[in-house]
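Could you use the hints to bring the two separately framed chains together as a complex?
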Amino acid sequence: MRRNNAALDGETDEGLMNMVAKDRLDAYEVLVKRHQNRVYRLAGRMLASEEDAWDVSQEVFIKVFNARHSYVENAKFTTWLYRIANNAVIDRIRQIKRHAKVVSMDDMLTEVKAEPNSAHRHLELSQVTDQMSAALSKLSERQRSMVLLKYYEGCSIQEIAEVFDCAAGTVKATLFQALRGLRGHLARGGVLSAEVGS
Amino acid sequence: MNHEEEYEALFDRLESCRQQGAPPSSDEPELHDLLMISQALDQLGEEPVEMPRAYEFRQTLMRRVRRRPVLRSFSAGLVLAATILAGLLFLREPPGQPSREIVIQPEMINQVIEKQARTDMVDYLENTELLLVSIRDFDFKCSDDSLDMAMEKKLAQGLLMQQKMFHHSLTDPRYFQARELFDQLERILVDVNNLDPCSDQMEIEFLNKHINSKRILSKLRVIAQEIQYS
Chain A
1 MRRNNAALDG ETDEGLMNMV AKDRLDAYEV LVKRHQNRVY RLAGRMLASE EDAWDVSQEV
61 FIKVFNARHS YVENAKFTTW LYRIANNAVI DRIRQIKRHA KVVSMDDMLT EVKAEPNSAH
121 RHLELSQVTD QMSAALSKLS ERQRSMVLLK YYEGCSIQEI AEVFDCAAGT VKATLFQALR
181 GLRGHLARGG VLSAEVGS
Chain B
1 MNHEEEYEAL FDRLESCRQQ GAPPSSDEPE LHDLLMISQA LDQLGEEPVE MPRAYEFRQT
61 LMRRVRRRPV LRSFSAGLVL AATILAGLLF LREPPGQPSR EIVIQPEMIN QVIEKQARTD
121 MVDYLENTEL LLVSIRDFDF KCSDDSLDMA MEKKLAQGLL MQQKMFHHSL TDPRYFQARE
181 LFDQLERILV DVNNLDPCSD QMEIEFLNKH INSKRILSKL RVIAQEIQYS
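Chains as they are written, first to last, in the UniProt record's numbering: chain A, 1 to 198; chain B, 1 to 230.
Keep in mind the hints are simulated off the structure, nothing from the lab. All values reported here derive from a predicted model rather than from experimental measurement. A couple of the hints might just be wrong.
What the hints assert, rightly or not - Below 16 Å or equal to it, Euclidean Cα-Cα: the simulated EDC-like pairs (lysine to aspartate or glutamate) are: (1) B:Lys214 to B:Glu180; (2) B:Lys214 to A:Asp165; (3) A:Lys138 to B:Asp196; (4) A:Lys76 to A:Asp13; (5) B:Lys209 to B:Glu50; (6) A:Lys33 to A:Asp9; (7) B:Lys164 to B:Glu186; (8) A:Lys63 to A:Asp91; (9) B:Lys214 to A:Asp91; (10) B:Lys154 to B:Asp196; (11) B:Lys219 to B:Glu186; (12) B:Lys164 to B:Asp144; (13) B:Lys209 to A:Asp165; (14) B:Lys164 to B:Glu114; (15) B:Lys209 to B:Asp191; (16) A:Lys76 to A:Glu159; (17) B:Lys153 to A:Asp9; (18) B:Lys154 to B:Asp191; (19) B:Lys164 to A:Asp91; (20) B:Lys115 to B:Asp172; (21) B:Lys141 to B:Asp196; (22) B:Lys164 to B:Asp196; (23) A:Lys33 to B:Glu180; (24) A:Lys33 to B:Glu56.
Same shape as in the complex, but just chain B (with noise of 0.2 Å):
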């Protein structure tokens, strides 16, 4: 029996003896204190919390859902006035100056800026599967239960920063796909990010099994050899 099932099966055996109402016997200590705490956060759960403000926040949320569609379309006005202006002026000559041509075209800014994001991207990938491999194959231990984890929310923490790098590309139809999975890398790099030092076994072994249950690894590597190529 590996450790989640014996946990597992004592916290069964806990929530038998709080349904029933039924101390375990006076040599299962450890049980009988884990009942009086679940019982203690069931009363101190039961305590009333009430939302200050409540028909003001009522009224903020309405007004904002209400504004939304208003709002989409003053910011696609405006962004559209803001185009036309900076095209006009762009496209003006200097007066007194010999008319000379423009060459530096906005779709080549465009391209530059593009091509940054998808290396910036692919770095990112590649970084993050280094990491995911090393969580997979963890050795470095603090205790006989736990794992030194130090180094990867180091990691951990960079890639959250470097991913705002091109997060603002992300919104690009294009990247439709790849989105979803950066959106659960996130995820998953806030989670080892805020680990322990020195981590609980069962916590990484909990992240693995999500990152190998929804196959992280293997989108990763596509996503990554898709934008390489795009």
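Here chain A stands alone, though its shape is the one from the complex (with noise of 0.2 Å):
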């Protein structure tokens, strides 16, 4: 098995897909190793407990798993994989609250740490992490989502209108007012001494 998923490791996530789709395990565990990273910091960016991050990253497995039979051949995997992922996170996010385990949205995000970077003179990172997870947690559910698919995963415009199955325009526009959002927040909280005024 070892050897055969070394053989598979140059495989595009495609191709191990389509071979997925025909019922090869191998190829699917080549995949998880792959991706299993990437979904589980998705998850815990967006949910407050690692637990819950790990059980939704086990979901959203299972879930690639379950349709593999209905992935159109050679469709880009990672938008695919985005798409069952936000869902997932969505959910879990209205399980929780409809057990009431978590009200506020701002316990639902993880803090996120950084070094500061000697380009922001403005804007130094070490102050704003935590003011920053306070911000985005104020966003709405599909706006905190485009803002971490594009600057936190590197997603395109493209790949992320298709994850929401929306025009690209949408998701550009959406981008802008989450980030206008973002600097009403951190000026509120004195992170940004800018004037804000719209």
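Next up, the structure:
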């Protein structure tokens, strides 16, 4: 099995998924290994609990496996994966809200730590980290998901549009609005000194 | 130029500054701040997040995936055995009592359950239609740019609960087409339920655009009629 997996390591995601659609478990294992961290990272940044993020990641890959026969051959795998992951995370948030374990969205984001960067003269990252997490939590789920996909996961506008099944222009407008929202929240938190009138 | 086009153009301008590494001029303070925020987000995104127990994650997943066919056949066997046992118990006459005809047929019970599920589905679809129309024709404003969605949120929450009443019936192959619509409606209701009580007008416009592009209202009316007369 290990030798087979090594041979599959050079395969593209789409090639592996085509094999999974034909019930190849070895290809599935390689895909999981390749993307488990990515899915966990996305879930972890939307949910407060490490355990929840781990469980949701399991659900995502189970869904990928269950939906393997509906995968359109050679369709971009990461876009499909993000769509499944995004829906699973939102479902989990809804579940948590229903069970009233977590009420405040402020608690639903993990803290993301970063080193200060000299390039940011006006906006030191060490200052911003906590404030940014709090500001992100104030955005709508759609805005927050788009921001995470664009800036944290490095997705293109077109990929995000496919994940959300909307036009590229709508993604850009939503992202701009989200950034403007972040600016407002950061200014109110005293991180930005700029006047926020708009 | 409407709001969306205006924001789109501003985002393009921001991206172009980001890619060229050229800060916007000082007379554009908002764009300047947004550029810094986007750069800060980029930096925060570079921070590695490692999955704990990654090997265990894979092993658990592979076990779950491999076990599924076995579980399915086991569950099917269990259901079959339970049905046979229930049938035997149901048909057996109690000792020492005069023999009586059993008049309750399982089909009748199923028919009653199905009829109730159909009524619940139609009721749900009618209420959802009213909600979607109210979102389309929004007119209660909190401010110039935000809309009062408190009532719609409450309705959406109620509808999500209502859906649970008949969810089990959707596995019936007869409702294959309806199932897809119910999934779409659930997502929309979740979105509405997650809106702020004073929601941004653009959020609502986005939602309406999605509802229009998927022709949800037309599908909803057709499926409601199909279920009602099935």
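So, going through the hints one by one against the coordinates:
1. B:Lys214 to B:Glu180: Cα-Cα ~12 Å, so holds.
2. B:Lys214 to A:Asp165: With a Cα-Cα distance of about 10 Å, the restraint between Lys214 of chain B and Asp165 of chain A holds, given a limit of 16 Å.
3. A:Lys138 to B:Asp196: holds (10 Å)
4. A:Lys76 to A:Asp13: Holds: Lys76 of chain A and Asp13 of chain A sit about 8 Å apart, inside 16 Å.
5. B:Lys209 to B:Glu50: violated (38 Å)
6. A:Lys33 to A:Asp9: holds (10 Å)
7. B:Lys164 to B:Glu186: holds (11 Å)
8. A:Lys63 to A:Asp91: Holds, at roughly 13 Å.
9. B:Lys214 to A:Asp91: Given pair Lys214 of chain B, Asp91 of chain A is violated - Cα atoms ~21 Å apart, limit 16 Å.
10. B:Lys154 to B:Asp196: With a Cα-Cα distance of about 11 Å, the restraint between Lys154 of chain B and Asp196 of chain B holds, given a limit of 16 Å.
11. B:Lys219 to B:Glu186: holds (14 Å)
12. B:Lys164 to B:Asp144: The given pair, whose Cα atoms are some 37 Å apart, is violated under the 16 Å limit.
13. B:Lys209 to A:Asp165: holds (11 Å)
14. B:Lys164 to B:Glu114: holds (15 Å)
15. B:Lys209 to B:Asp191: Satisfied, since the Cα-Cα distance of roughly 13 Å is no more than 16 Å.
16. A:Lys76 to A:Glu159: holds (9 Å)
17. B:Lys153 to A:Asp9: violated (47 Å)
18. B:Lys154 to B:Asp191: At roughly 12 Å apart (the allowed maximum being 16 Å), Asp191 of chain B and Lys154 of chain B satisfy the hint.
19. B:Lys164 to A:Asp91: holds (15 Å)
20. B:Lys115 to B:Asp172: holds (13 Å)
21. B:Lys141 to B:Asp196: holds (13 Å)
22. B:Lys164 to B:Asp196: Distance of about 24 Å is beyond 16 Å: violated.
23. A:Lys33 to B:Glu180: It is violated: about 31 Å lies between the C-alpha atoms, which goes past 16 Å.
24. A:Lys33 to B:Glu56: holds (11 Å)
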